[in-house]
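**Student:** For reference, the chains in residue letters:
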Amino acid sequence: GNSVTQMEGPVTLSEEAFLTINCTYTATGYPSLFWYVQYPGEGLQLLLKATKADDKGSNKGFEATYRKETTSFHLEKGSVQVSDSAVYFCALSDRVRDDKIIFGKGTRLHILP
Amino acid sequence: KAGVTQTPRYLIKTRGQQVTLSCSPISGHRSVSWYQQTPGQGLQFLFEYFSETQRNKGNFPGRFSGRQFSNSRSEMNVSTLELGDSALYLCASSLAGTRSTGELFFGEGSRLTVL
Chain B
6 GNSVTQMEGP
16 VTLSEEAFLT
26 INCTYTATGY
36 PSLFWYVQYP
46 GEGLQLLLKA
56 TKADDKGSNK
66 GFEATYRKET
76 TSFHLEKGSV
86 QVSDSAVYFC
96 ALSDRVRDDK
106 IIFGKGTRLH
116 ILP
Chain Y
217 KAGVTQTPRY
227 LIKTRGQQVT
237 LSCSPISGHR
247 SVSWYQQTPG
257 QGLQFLFEYF
267 SETQRNKGNF
277 PGRFSGRQFS
287 NSRSEMNVST
297 LELGDSALYL
307 CASSLAGTRS
317 TGELFFGEGS
327 RLTVL
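From first to last, the protein sequence lines are chains B and Y.
For the first sequence, the working numbering assigns the number 6 to the initial residue and increments by one for each residue that follows.
For the second sequence, the working numbering assigns the number 217 to the initial residue and increments by one for each residue that follows.
Please note that the accuracy of each hint is not assured.
[Said to hold, decoys possible] One side only, chain B facing chain Y, incomplete, derived with CB under 8 Å:
{"#": "1", "residue": "Tyr-44"}
{"#": "2", "residue": "Glu-47"}
{"#": "3", "residue": "Leu-51"}
{"#": "4", "residue": "Ile-106"}
Since the hints were derived computationally from the structure, they do not count as laboratory data.
We put the beta carbon where it would ideally sit given N, CA and C, even for glycine.
Start from the sequences, fold in the hints, and give me the full structure.
**Tutor:** Set out below in C-alpha cells:
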C-alpha cells in the first residue's frame, strides 16, 4: 500500500541555519505530495504541495520538489527562524487509488536563538 | 470565517466506557476526515465523510465509528475504550474532499485519555 517515510526527529538547529527534512514515499498510482506543519497547541495546516513530477511547492521560505525518480519530496529552507519550531508532516494523496491522505510520522524541529 | 471546531478539547475516560467526539467543519465544507495522532504511530486515517456518506475508511476496528449530519457536522464514537485509544483525535474539513485539491483544514483536536 501507499506509505510515507520521513526522517526521525527531533532536529535541532541554530537560527539562520539551513534546513532539510527528508521524505520518501511509496505509491502505486500518481500521488500528490504535501507538507503540513503543526505549531504547538494547534492543528495541522498545509505548508506547501506539488501535484506532479518536477513540480516545486513553496511557501514562507520553504520549498520542496516532487522527484519521481527518487520518490522523494524533501523539505528545505535556507535560513530558519525560531518561529519555525514545529512538527512537520510529509503526506501523499493518491487520486487514482483511494484519495486518502496518508501522513508520515512527523519530524519535530527545534530552532535555537 | 470560523475554522474547524472540535469538542470537547480534553476528556478522560476509563476502560470499557464509550466516547463521542464532535467536529464542526468550516462553513461550506462538505467533507470531514478523522485522524488519530499518537507519538508512536503518528497520524493514522480513521474515515472520511462526504455529504453524509462514509467515503473512505482506515484500518481501525469496528469500535471506531462515525457519522455526518446534513449540516456537515460530524461525530465519531469509540466504544469499549482501551488504554491504547488514548490519543489526540483530529478532525479535518475540505470543500469537496481529498479528491479535489487535497488540502485539509484541521481543528485543534480532542485529547482523549483512557485510564
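**Student:** All hints are to be evaluated individually against the structure, with a verdict given for each.
**Tutor:** Hint-by-hint comparison with the structure:
{"no.": "1", "hint": "Tyr-44", "verdict": "violated (11 Å)"}
{"no.": "2", "hint": "Glu-47", "verdict": "holds (6 Å)"}
{"no.": "3", "hint": "Leu-51", "verdict": "holds (5 Å)"}
{"no.": "4", "hint": "Ile-106", "verdict": "holds (5 Å)"}
When each numbered hint is compared with the structure, a violation occurs for hint 1 only.
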